[in-house]
Structure formats: structure tokens, C-alpha cells
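**Student:** Fit chains B and C to the known structure of chain A by using the hints.
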Amino acid sequence: MELVVFVIAAAMVIVGALGVILRPNPVHAALSLVLTLFGVAVHFVALEAHFLAAVQVIVYAGAIVVLFLFVIMLLGVDRTEDISIEPFKVQRPMALVVGVGVIGLVTAAVSSSRDAIGRGNGLEIPTVTGDNDSNVRQIARSVFGDYVVAFELTSVLLVVAVVGTVMLTRRIKTGKGES
Amino acid sequence: MLASILAQVPWQAPSIDYHAIAPEIVLAAGIVLIILVDLFVGESKKWVTASLTGFVLLGALIPVLTLAVSDPDARSLFDGRYVIDEYALTLKALFLIAGYVVVLLSQNHVEEGDYYQGEYYTLLLTSLTGMVMMASSRDLVSIFVALEFLSIPAYMLAAWRKRDRKSNEAGVKYYLLGVFASAVMLYGMSLLYGVTGSTLLSEIGRQITVDGDFGGVHALAIVFVVVGFAFKVSAVPFHTWAPDTYEGAPTPVTAFLSVASKAAGFVALVTILYVGVPQAKDVWQPFLWVLAALTMTVGNLLALRQSNIVRMLAYSSISQGGFILMPLAVAGTGDAAGPALQAVVVYLLVYAAMNLGMFAVVIAAARTTRSGEISSFGGLFSYAPGLGVLMTIFLASLAGIPPLGGWIAKFAAFRAVLEAGNGWAYGIAVIGAVNSVIAFGYYGNVMREVWMKPAPNGETRAVATPTSLVAALTITGAATLLLGVLPGTVLRFGDLADLVGAFGR
Amino acid sequence: MTLLATTPTTTWYLVLGAVLFGIGAVGVLVRRNPLVMFMCIELMLNAVNLSFVALAKRLGDIGGQTTVFFVMVVAAAEVVVGLGIIVSIMRRRPGATADDIAELKG
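Chains as they are written, first to last, in numbering that gives the first Met the number 0: chain A, 0 to 178; chain B, 0 to 504; chain C, 0 to 105.
The following block holds chain A by itself, in its conformation from the complex (with noise of 0.2 Å):
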């Protein structure tokens, strides 16, 4: 079961992935990149990420691609952009073989150490959470223990993220005294 669970999972993640890049259109390629948020969001139950979860359907699939969707349709991009053409010859295969190498170096290295990776601090593998909802209690636990002060302090970022990009959306001012 979770087998099958983890390749319809895996499958949306991929095709969605492969949709955002190859894709022409950018309406097309937020969609796809959706079926790939969606997908990770699968996983993350199956990882007993509840919290996690709710977070990546909510925050991303939800706010943030409605926020792209937008964007592109506000400006008007929604065209068809010609990828047939590449100004520069040498940087598609140049690109491919760092993709591929990249993939390539990162499956080898932990395949290879299959061992070294989880055994950490040495202690005995128990699963994250005993039952459902003390995910959320643990995270919270942690957000507002270990890291409560860059927790706090994203806040402040938060604020200043809005208001900085108000005044850079906002319509130019036309003159000094205008105000």
C-alpha cells in the first residue's frame, strides 16, 4: 500500500516537475508546478508530516501559485514563450549535464552510504510522532523553544516584506511636492 502510494506520488511530483520546465507557456507551467506541490504534500503525510502537510497545500499549492497565476496574469505574459529558439548554443547541453550530474553524484553518494545516512547520533530509529496530533505539538514545541527568536524575528521579516514590495509595485511618484 505504501508502495503504491509513494510511485503515484512520485509520479505526480516528476511529471509535474518536467511540466514547469518544459512547458512553453507560463500558465501552464504554475499549473504543473501545483501537480508536483501536491504531490510533495503526499508525501509528506506518508512521512507523518501531518502539520507539514496542511502547510504545503495551503501556503503553496494554495497562496503562493494563486500568486503566480496572477502575477502572470496581470502582466499579460500568458503568451507563449518560443523555447525552440536558444541564443546561447553551449548552454542547454550545458545545463543538462549539470542537471544530470547533479542527480547523477547525489543518488551514487547515498546509495552508496546508505548506512551513514539517519544513524546520526547514534540513536535507535523511532517514528516522529506516537499519535496524530502530537506532530503539531512537537513542532511547536520546537518553533517556540529552540528557535524562538529567529521564529519572532521571521515576523518582523514578514512586515518588512510587504511594505518594501508596496513601494516597489506602487505607481511612481510624479513629483516631489505632489503629496
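Hints listed in this document are in silico derivations from the structure and should not be mistaken for laboratory results.
Every value quoted in this text rests on a predicted model; they were computed, and no experiment measured them.
The reader is advised that the hints may include incorrect statements.
To be verified - To spell it out: a stretch of chain A is covered by chain B in this simulated footprint if at least three of its residues, at any positions, have a beta carbon under 8 Å from a beta carbon of chain B; those stretches are: (1) 31-38; (2) 99-111; (3) 149-162.
What the hints assert, rightly or not - Mimicking SDA-like on lysine to any residue, the simulated pairs with C-alpha atoms at most 25 Å apart in a straight line are: (4) B:Lys45 with B:Ala470; (5) B:Lys280 with B:Leu293; (6) B:Lys44 with A:Arg136; (7) B:Lys44 with A:Met0; (8) B:Lys44 with B:Ile34; (9) B:Lys45 with A:Ala62; (10) B:Lys165 with C:Arg31; (11) B:Lys280 with B:Asp334.
Claimed, not checked - Computed list of chain B residues with no C-beta within reach of chain A, every gap over 12 Å: (12) Ala19; (13) Glu23; (14) Ile34; (15) Leu88; (16) Ser141; (17) Val216; (18) His217; (19) Trp288; (20) Thr296.
Beta carbons: idealized from backbone N, C-alpha and C, even for Gly.
**Tutor:** Just chains B and C, lined up with the frame of chain A:
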């Protein structure tokens, strides 16, 4: 219902040493304050936000000073995730003072340039908060959050001159490459977490040892993390964003990026190398060696060809980054760990003073010349002798001529390299020495313009330099001279035992 | 039937993460529309998140999930800022590609 759930869970709030995080608290409060004040002051009184930013930065410096003289030498919060030791305090002070100088540089530029002032200072302050946080972070999550905290406002600052295409482009380029670099670095961090089972750097340092099962994953993880930071410190071949971004961004922002942002990247790199993966030196030493050699050489050769002063300074800043990488490339060999850390910190302090000073002169001179071409600085000495002399001092310091600050920095870097004393060390020392000589070429070229050439349009009337720029020039000029004449003041900061202990000696 | 009983191991997830990361990296290098390049970076970040969560389960340590939480928060801020910058440039020059944006060269 909720109460019953809460009752089951014994929850203890973490104990927080508020004195230790006081600088961050002052800065965060300052950010909010400036956003609010900016809402209520009229268009003609926006300069208030600049002064306020200056006060907030100086205010944050007070707890840094009290922490420096207070009793426990090193304070450690959250099981060592956030550490305030001498290393952290020195760099916090550096970031705050550099930030203050950037505010002084920005004041007139931003007022006259039709920018949104209040928000400009808010972003500057946010970025500085990230840097101050970075100096204390000893944990992958904190380092990541601090890095984004300092980068995200910087992306917006680079694009702040909205009407200008170059600035737009500077923003987009910096943004896309910056986020790409973060993703690469995070991937490395995830592998590092996988093989050690912890996000805590000191724990990672305990887990990663050369003996036993050091394998491909360990090496890949370290390489990914270093590549991520190589983008941030614009090391060749990951430097392509830097010249374009530096040229397109508003000049005070360029000064900020080339000094503070770069220093923060180095701080994170040093922390990870010294605390996190000192035992894996066989992986990162050769890698950093190649990066350092390439960065010095390519940066220098491209700087020789530039005709725009900001672009030249961009390449010069890349090449100076190579000199900061140089001691790190041999940091694990022999007895070089201590001197290398000292060299990096000293270089960062001196580089901040002289490079900010250089940009201050460029901004002040550009008020007269209205141009960024090197040839437009012709005859600067004849009509603005003060600026001419200062520019010479900063250029000489950047080139490493004694007895100025830059010389001490280069001296410390070479001393650390020679301390390592093997073939690799001598090799990089020779490359560094050759590059120091090449650098005279382009720094000397600007000096020749300033002293020997006539003013291009027969322009002989200098525009008065505003008080804030004079203050910035005084601070940076005095620092450059003092650090050179009294090297003892700065070399004392080399006594940073906490991080060096990580190498297990 | 025995095949169906196999449970996916951490290595499988890590390989899937590597594939996703690689596809994202290729996309950033190949595509020219800044918006699509940015989507490819999101793919890379998701690969990171997948690796972290798989490793957190394997290690029985919540730290990995917390890291993912922070990555998501920061990514949200990044998206806002990035789209802001892209809007401010594309509104003036619709249809700009990463190659057209070449005022600065050399």
C-alpha cells in the same frame, strides 16, 4: 476542551537571556518604529527617518558594548544555537558601525534622488538585523533565517531606483541568483542534517569526523553549502551577478552590498567551516583554494578593463574577496587555524573601512562630476583637494600600501597562509602576491586621473560636500589610517579562542 | 504480492528529492522567462523540503520538520518580494526575457 489538552502538556517557556539578545531587540523595535514614524511625518520632514535609523543603530551598539564588558565571556542560548562570544560581538559592532556609515552615505543621495525614504531605511535596518543575527548563529536554521533576513531587503534595495532600467535589472539578477544560491545551500544543509542528525553546528562538528564512515554524502553536503555561500560572497565563478548588481543599484546600496552583505556571507562561511565541519578539511580546503585563486585573479584582470568607477570597484571588491578566502583555504593545515580566523576578521574590519570610504568619495565627487566614468575624476585634486587626498588614501589602502589599513589586512592574510607552510600554502601565497601587484594597475590608474589629468570640461567649481558625507569620510578615513598606524588595536581581535578550539587543538 | 509489501525507504525519498532538485536546476539554467525561472527555484526548494522531512522521519528528530517550516515561511516572503520586483520590471517592458534584460553587460 482546549484547556484539557493544554493541561496534559507540561510546557516550559525557554529561558532567554534578554541581555544577550538586546541588540536584536533594539533593532526590531527600531524597524517597527521607523515604519510607524514614516506614516505620520510629512513629505518635507522625511529626513527624520534617516536620523532615527542612525540613532537606532547607535542604540543597538550600546548593548553590544555592555555585553563586551559584562561578566560571562561567552553566553550561549538555546543549547548553543545562539552564541554571543567575542567573535560575535566584534562582528556585530562592525555591522552596526558599517550600517551607520551607510546611513550617512545615503542621506543626501536618497533625499535628492526621489526615493521612498522611510521604507529605504526600514529595509536597510532589516538587512542589518539579519547580519547582527548571523554573527551569533551557530545552527543551520538560524543561519538560514539570518541569511534570508539580510538578503530579502537587499534584493529590494538593489531595485529601489524604480525608474531606472539598470536598477530594475540589478534587482532581478541579484534576486534570481540569490534565491538559487539559497536553494543550493539548503540542499547541502539537508544532507548535512541527514548524516549528522542535528541542525546544531557543534553537534555536526562532533559527528563529522574523517575516520569511519566519511563518504560521498558528507563531501557533497559540504560542497553544496560552500557553493551557496560562494554566490553570496561573489567568488569566481559564482560572481556573475555582482558587477551588474553593483552598477545598477543606487550607489549607497552598492557600498552596503559590497561591504556588509559580503562580510555577512564570510561570517556564515567561517562559522560553518570552523564550528560545523572542521574535520572535513580535506574536502573544503582544495575547493576553497581553487575559489580563492580564481577569485583574486579573474576579479583583478577584469577590473583592469573597466572604465566605470563603480564597475571597477565591483571587480576590485570581488578580488578583495579572494584575499579573504585565501587564509580560509589553508585554515585546517598546520597551526594556521588561529591566524586564519584572525586574518579574516581583521580583513573584514579593514575592508569595511576602506571600501566604504572609497564609495563615500565617489558619491561626494559624483555630486560635481555627475558621472561614473573614471575619466570624469580628472583633476579632482585641483578643484577638491580634500576629496583628492582622501581618494588617494583609500585607493592606496585598497592596494595594500603601508602604512595604511589595507596593508595590515594583507599582511595578516599572508602571515596566516605562511603559517600553514606546505606546498598549497606557498602556491596560493605566490598567486596572492602576483595579484597584489596587478591591483596597483587599476588603483594607480584612478590615482593618475585624480592627480595628473586636467578636469574634463574645465570644471573647476566643486559642489559642497554635505555634512553627513563629511562625517562618513571622517569616520572611514580615520579608521583606515588608525588601523594602519596602530595595527595593535585591530590585531588584538585575533584572540578569538572560541572558534579555533573547534579544530581540536 | 511481496512487491506490494515493500515499503519505500529513506533512500528512495532522497533520490526523488535529488531528481526534483536536478530538474529544477536545469530549469533555472534553460528557461528565460524570469517568472518560470522562479518557479524552477520553487521546485528546488521543494526538493530540499522533501529531503528534510524524509530525514526527519528516519532520524526520529523533529528538527528537520521545523527547518522545513522555516523554509516555507521564508519562501513565502521571498515569493512576495520576487514577484514585486518582477512586476516592477515587466510592467515597463512586457515580455522581457532574461536575455533582453541586458542593459548591463561586460
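**Student:** The output says B:Trp288 does not contact chain A. Does that hold with a beta carbon cutoff of 12 Å?
**Tutor:** At about 21 Å from chain A, B:Trp288 clears the 12 Å cut-off, so the statement holds.
**Student:** When you check the alpha-carbon spacing of B:Lys45 and A:Ala62, does it fall within 25 Å?
**Tutor:** violated (35 Å)
**Student:** Tell me if the straight-line CA distance from B:Lys280 to B:Asp334 falls inside 25 Å.
**Tutor:** With Cα atoms ~14 Å apart, B:Lys280 and B:Asp334 stay inside 25 Å; holds.
**Student:** Does C:Arg31 lie within 25 Å of B:Lys165 when you go C-alpha to C-alpha?
**Tutor:** holds (18 Å)
**Student:** Three residues or more, CB to CB closer than 8 Å: is that satisfied between the stretch 31-38 of chain A and chain B?
**Tutor:** violated (count 0)
**Student:** Say whether it holds or is violated: B:Ile34 keeps its Cβ farther than 12 Å from all Cβ of chain A.
**Tutor:** Answer for B:Ile34: violated, closest chain A Cβ roughly 6 Å.
**Student:** At a Cβ distance under 8 Å, does chain B reach at least three residues of the stretch 149-162 of chain A?
**Tutor:** holds (count 10)
**Student:** Please check whether the stretch 99-111 of chain A has three or more residues whose CB lies within less than 8 Å of a CB on chain B.
**Tutor:** Holds, because 6 residues of the stretch 99-111 of chain A bring their Cβ atoms closer than 8 Å to Cβ atoms of chain B.
**Student:** For B:His217, is the shortest beta carbon distance to chain A beyond 12 Å?
**Tutor:** Given a closest Cβ separation of 7 Å, the condition is violated.
**Student:** Report holds if the minimum CB distance from B:Ala19 to chain A is greater than 12 Å, and violated otherwise.
**Tutor:** At roughly 10 Å from the nearest Cβ of chain A, B:Ala19 sits no farther out than 12 Å, so the non-interface label is violated.
**Student:** Just to be careful, I want the Cα atoms of B:Lys44 and B:Ile34 compared with a cutoff of 25 Å; is the pair within it?
**Tutor:** holds (14 Å)
**Student:** Grab the minimum beta-carbon distance between B:Leu88 and chain A and tell me whether it stays above 12 Å.
**Tutor:** Consistent with the label, B:Leu88 stays out of reach of chain A, its closest Cβ about 17 Å off (over 12 Å).
The structure fails to meet hints 1, 6, 7, 9, 12, 13, 14, 16, 17 and 18 from the earlier list, while all remaining hints are met.
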